[in-house]
Amino acid sequence: MKKFNLIAFLGLAILIMSACSSSKEARGYKKSINGNWQLQTVVSEGITGKIKAQVFNEADFNCFV
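For the record, in the sequence shown the residue sitting at position 22 is 22 according to my numbering, with numbers rising by one throughout.
Calculated from the structure, these hints are not laboratory results. Beta carbons are placed, not taken as given, at the ideal position from N, Cα and C, and that holds for glycine.
Cβ-Cβ distance ranges computed for the label pairs, FRET-style:
1. Gln40 to Phe9: 47 to 55 Å
2. Asn5 to Glu25: 32 to 40 Å
3. Phe9 to Thr48: 55 to 63 Å
4. Ile16 to Trp37: 29 to 37 Å
5. Lys50 to Ile14: 47 to 55 Å
6. Thr48 to Ile14: 54 to 62 Å
7. Ala19 to Ser44: 34 to 42 Å
8. Leu39 to Ala19: 34 to 42 Å
9. Lys2 to Trp37: 49 to 57 Å
10. Gln38 to Ile16: 37 to 45 Å
11. Leu12 to Gly35: 37 to 45 Å
12. Leu39 to Ile14: 37 to 45 Å
13. Gln40 to Asn5: 56 to 64 Å
14. Leu10 to Ser44: 53 to 61 Å
Just need the whole structure built from these sequences, with the hints factored in.
The structure is reproduced here in structure tokens:
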């Protein structure tokens, strides 16, 4: 019984560790996302009234308009 519990525990541990890792394809995309990004346009079409939103958790939406 102890041997079965050990094998079951190891199998479960391997399953959890493999489920949490990212795929090779995802790791490749992560490398291409790094860099300097520049916001070029901010559009608020069809919205009437005041807009209260923060862009990138940095500044108010109106600072970019």
